Every structure is written in structure tokens, then in C-alpha cells.
Amino acid sequence: MNIAKYNFAYLDEQTKRMIRRAILKAIAVPGYQVPFASREMPMPYGWGTGGVQVTASIIGPNDVLKVIDQGADDTTNAVSIRAFFAKVAQVEVTTHTEEATIIQTRHRIPEAKLTEGQVLVYQVPIPEPLRFLEPRETETRKMHALEEYGLMHVKLYEDIAKHGRIATTYAYPVKVEGRYVMDPSPTPKFDNPKMHMSEALQLFGAGREKRIYAVPPYTEVVSLDFEDHPFEIQHFEEPCALCGATGVYLDEVILDDKGGHMFVCSDTDNCEDRREHGHRGKLAGHALEAAE
Amino acid sequence: MDTTIEGGFADLVLGAQSVFRAVMEALARPGSVQSIASDALPPAPLAPELGAVALTLCDHDTLVWLDPVLAANEAVVAWLAFHCGAPLTSDIGAAAFALVSDVALLPALDRFGQGTDEYPDRSTTVVLAVGAGTRAVTLKGPGIKDQFSTELPLPGGDFIEQWAENRTRFPRGVDLLLVRSGTVVGLPRTTRISEA
Numbered sequence: 001m002n003i004a005k006y007n008f009a010y011l012d013e014q015t016k017r018m019i020r021r022a023i024l025k026a027i028a029v030p031g032y033q034v035p036f037a038s039r040e041m042p043m044p045y046g047w048g049t050g051g052v053q054v055t056a057s058i059i060g061p062n063d064v065l066k067v068i069d070q071g072a073d074d075t076t077n078a079v080s081i082r083a084f085f086a087k088v089a090q091v092e093v094t095t096h097t098e099e100a101t102i103i104q105t106r107h108r109i110p111e112a113k114l115t116e117g118q119v120l121v122y123q124v125p126i127p128e129p130l131r132f133l134e135p136r137e138t139e140t141r142k143m144h145a146l147e148e149y150g151l152m153h154v155k156l157y158e159d160i161a162k163h164g165r166i167a168t169t170y171a172y173p174v175k176v177e178g179r180y181v182m183d184p185s186p187t188p189k190f191d192n193p194k195m196h197m198s199e200a201l202q203l204f205g206a207g208r209e210k211r212i213y214a215v216p217p218y219t220e221v222v223s224l225d226f227e228d229h230p231f232e233i234q235h236f237e238e239p240c241a242l243c244g245a246t247g248v249y250l251d252e253v254i255l256d257d258k259g260g261h262m263f264v265c266s267d268t269d270n271c272e273d274r275r276e277h278g279h280r281g282k283l284a285g286h287a288l289e290a291a292e
Numbered sequence: 001m002d003t004t005i006e007g008g009f010a011d012l013v014l015g016a017q018s019v020f021r022a023v024m025e026a027l028a029r030p031g032s033v034q035s036i037a038s039d040a041l042p043p044a045p046l047a048p049e050l051g052a053v054a055l056t057l058c059d060h061d062t063l064v065w066l067d068p069v070l071a072a073n074e075a076v077v078a079w080l081a082f083h084c085g086a087p088l089t090s091d092i093g094a095a096a097f098a099l100v101s102d103v104a105l106l107p108a109l110d111r112f113g114q115g116t117d118e119y120p121d122r123s124t125t126v127v128l129a130v131g132a133g134t135r136a137v138t139l140k141g142p143g144i145k146d147q148f149s150t151e152l153p154l155p156g157g158d159f160i161e162q163w164a165e166n167r168t169r170f171p172r173g174v175d176l177l178l179v180r181s182g183t184v185v186g187l188p189r190t191t192r193i194s195e196a
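Chains A and B supply the protein sequences, listed in that same order.
For the first sequence, this note's numbering gives the first residue as 1, with consecutive numbering after it.
For the second sequence, this note's numbering gives the first residue as 1, with consecutive numbering after it.
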């Protein structure tokens, strides 16, 4: 029986052309938010409709797709988006960072260094870094046009006045190529330095807010700070409890109701890979069985 | 063969996808030569690569400007109308895309749409078919590690000065795609060019 099929990668061709044009402009003006006619997707806003539309517009049959949600390959959002593209684009999917040509991410950058052949697609909830300081789009657009970013520094200064330090820990604003202030999406500020001079192309899609922006490879991405309060990333006191990694981003996992907890890698692929190579943390237990 | 309805992508979907990825890589890595694997065969003098880019990016939402030679060619206009459905314009500053079949026909860059400070994306993307001659240049800017010395099929004359002016208008300005014999080279408005 002949049943109706979706177009390759779900979106119709006119929609893809529209998104592709927006992506090209975004690459040409790094950090600038290009408006686009975001479509309804078969998933609710907040589940990565922007990232999914960007991925659907660039993906081809030879791509290998990885999807992560807070660094994990095995959480609901990641699993369902991976399954979506396996079904509508029949592409190969993977959980291994180095095998992927397109990595769609919700709020983390993989620990493994990305390379020239890769594209990182971010799912972005609020693309406008000035939105909570100035709710009017007409005004924020003017502020970007005039490069008027004093308000953002006032916000960071107020952090210091209140808390004695810059208390922003995620969605930490960056300046791209010395021109546009950009929201790096709600990644922990730990990941900000990885955006700077990245070998991989970085594309950002905000579905509900209808914006696409980009950071080309080898582009300057500087986290905003002050001379006497320089930008700092998070540091963790203990290594990953499973793989013993240090210098990676860790999640706290509550173990019982008596205050027991452990810190484990947020990047599950990195953690599994380390354990397969024999690295053991203090709570690793028995050796991990080889992946089937 | 009917030159109007023949000559599109054999595979509409994957043809456009592969050309787009080449163009995206070209703009993300300025100066790199990306190959366009396309079976698009538009009527001359519309180069196959110009036709492929038009099929990939132009449709009823985009105003297209054609150089005077292309605009006067009925077969080319009919082919673009049939395959892209893009409205043509003679107002060069309003065009989203400009297709230029010969460097001699390239207007001054500041005549194209530059976008506005608030909407720098509303500018013209110029797709230019270039010849065999190349110039030794050094490129700098986003997408380029340190700097990149290469030979590029750039237009002659005062092009490099014009491009420097284009760069000073940032974030406004035009983006340029140079196409020839199955390849595309991208020059986004952020790229700085100096003669090596």
C-alpha cells in the first residue's frame, strides 16, 4: 500500500530554503539574530523546535547525527529528537561525539574537542540577551544596531554589588567578533571558552522566538566581564564519581535522603568512553560491560 | 529539449541540500573552494553553478536581480521563472539575490542592497560566475584560522578597494559567492582581503 510520506527531513522545501537563507545571513553577520518564519513542529515549543528546524534544513543522507540534552545522550528530549531524524531523514545516528557530523544540543557543549567537519546546532529558548533588561523588541533591536550594551554591564555590575561576584552561571553573555552581544543559550558558563575559536560551525535556532544566529569557525567569542572581576568558569572540588575525570562539567546526583550525593560527568559519552578505557571513580563499582 | 522545463535538479530535495551545504561551508570558511555536485543544466549564458545556487536558495519570497545579459535572455528568464518562481527586479538595491554571469557585468558593490543597521540581513547576496584568472590574496576574519593566503578568482580593477569599503559598512554589506566549473568560494562581509 502506498501511504503518504513526509518529505526528507520532515520540512517542506520552501521552508528549508527560507531557513537556509537565514542560516547564510547568520554566518555572514556573526552573533546577529536573523528573524525567520519558524514553523509548527510535531513537538511543543521548548522541546527544541528551533534546533530541529535548523538541523532539518542542513542535514543530508550522509550525515551522522548526535543529540544531547544537558550533555546526556539518553534523556527523553535527546532520544526523541534522534529517533525523529532517524525516521524522517533515515540518517545514521550516534552517541559518540567524534563520529557525528551534526550535533544538536540542548545546553551543553561536548567535552571532546569539536573538529572542522562538525556542525553544532543549539536549541535556544530566549535568543535575545537583553530581553530581561528591556522587554521591547523595537528597543533591543535598536540597542544592537547602535552597539549600545551598557545595560548588560550594569546587570553584571549589579550582580557584583549584590553578591560580591558575577553570579550569572548560565546563559552568560558573550561578545562575538567584537560586535554583537549574544546569548550562548543556557549552557553553563563552563562551556563559554569552548565557543571561542571553535573549529566547528555553531548554529543557534530559537523556534518560539523565531530567530537564527551563528558563530562561524575560528571566531572570537569573549565572555563579558570587568578588569577587577574577570570571567571565571565553574570549578569542581571533586572528580567525577564514575570515571574520575577532572576539568569537566559535573552534575550533582542525590543518592539518599540523608544528604548523600555524588558528582558525575554531565557529558555521558565522555564518561562512558573514559570508563571503557579503564578510568574509575570512587563510586564506579564493577567495570562497565562493553557496549553491545 | 525544452530548455524551460528541463535542466532542474534530478532530485529536487537532495540536489538542493548538497548545494546548500557547499554554500554554507563556503561562507563559514571564506576562501575555501567547495565543490558543487549538481546536475542542474540551465540554458546559457546562465552558468550551471549560478543555476544550481538559484534553485537552492531562490523562490517566490526572494527578489532576484539579473545582470543585463541574463535579463535580456528569454530562455534564462523563462527557466528561472519555471524552476524558482522568483520575481525579478530591476531595482538592484531591493534584490535578495543578484545573479551575475560575467565579472565585466558586476555593478559597484555599494549599489546592491546593504541592509540596515537594525536588519543587516536585508542585504543582497551576490552570486558571480568568474573566469579562470586568479589573484594572490590574503584573507582574514571569522571562519579563517589566523590568516589564509590563497589564489582566488576575484574580479579585477578596484575590487579589493570596493571590498574594503564593504567591510567598513559592517554589519551592513553584501556577501559574495564566486562560482566556476563546479565550485563555489564564499566571501561573507566579515572577510578582510589584502593583496599578498
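No lab work stands behind these hints, which were simulated from the structure alone.
Owing to the predicted nature of the structure, the values given are computational and were not obtained by experimental measurement.
Note that CB positions come from ideal geometry on N, CA and C, so glycine has one too.
Take the hints with a grain of salt, since some may be wrong.
As the list claims (entries may be wrong) - So the derived label-pair ranges between C-beta atoms look like this:
(1) A:160 x B:192: 43 to 49 angstroms
(2) B:195 x A:228: 41 to 47 angstroms
(3) B:132 x A:6: 42 to 48 angstroms
(4) A:117 x B:104: 51 to 57 angstroms
(5) B:162 x A:163: 47 to 53 angstroms
(6) B:132 x A:145: 51 to 57 angstroms
(7) A:236 x B:195: 47 to 53 angstroms
(8) B:132 x A:46: 51 to 57 angstroms
(9) B:122 x A:199: 28 to 34 angstroms
(10) A:132 x B:157: 45 to 51 angstroms
(11) A:153 x B:168: 24 to 30 angstroms
(12) B:150 x A:147: 28 to 34 angstroms
Hint check:
1. A:160 x B:192: 43 to 49 angstroms: Between residue 160 (chain A) and residue 192 (chain B), where Cβ atoms are some 36 angstroms apart, the hint is violated.
2. B:195 x A:228: 41 to 47 angstroms: Hint holds: Cβ distance 43 angstroms, inside 41 to 47 angstroms.
3. B:132 x A:6: 42 to 48 angstroms: holds (44 angstroms)
4. A:117 x B:104: 51 to 57 angstroms: For residue 104 (chain B) against residue 117 (chain A), whose Cβ atoms are near 37 angstroms apart, the range 51 to 57 angstroms is violated.
5. B:162 x A:163: 47 to 53 angstroms: At roughly 51 angstroms between Cβ atoms, residue 163 (chain A) and residue 162 (chain B) fall inside 47 to 53 angstroms, so the hint holds.
6. B:132 x A:145: 51 to 57 angstroms: violated (41 angstroms)
7. A:236 x B:195: 47 to 53 angstroms: holds (50 angstroms)
8. B:132 x A:46: 51 to 57 angstroms: The hinted range 51 to 57 angstroms holds for residue 132 (chain B) and residue 46 (chain A), with Cβ atoms some 52 angstroms apart.
9. B:122 x A:199: 28 to 34 angstroms: At 31 angstroms between Cβs, range holds.
10. A:132 x B:157: 45 to 51 angstroms: This hint holds: roughly 49 angstroms between Cβ atoms.
11. A:153 x B:168: 24 to 30 angstroms: Holds: the Cβ-Cβ distance is about 26 angstroms, inside 24 to 30 angstroms.
12. B:150 x A:147: 28 to 34 angstroms: Holds, at about 32 angstroms.
In the structure shown, a violation is registered for the earlier hints numbered 1, 4, 6, in ascending order.
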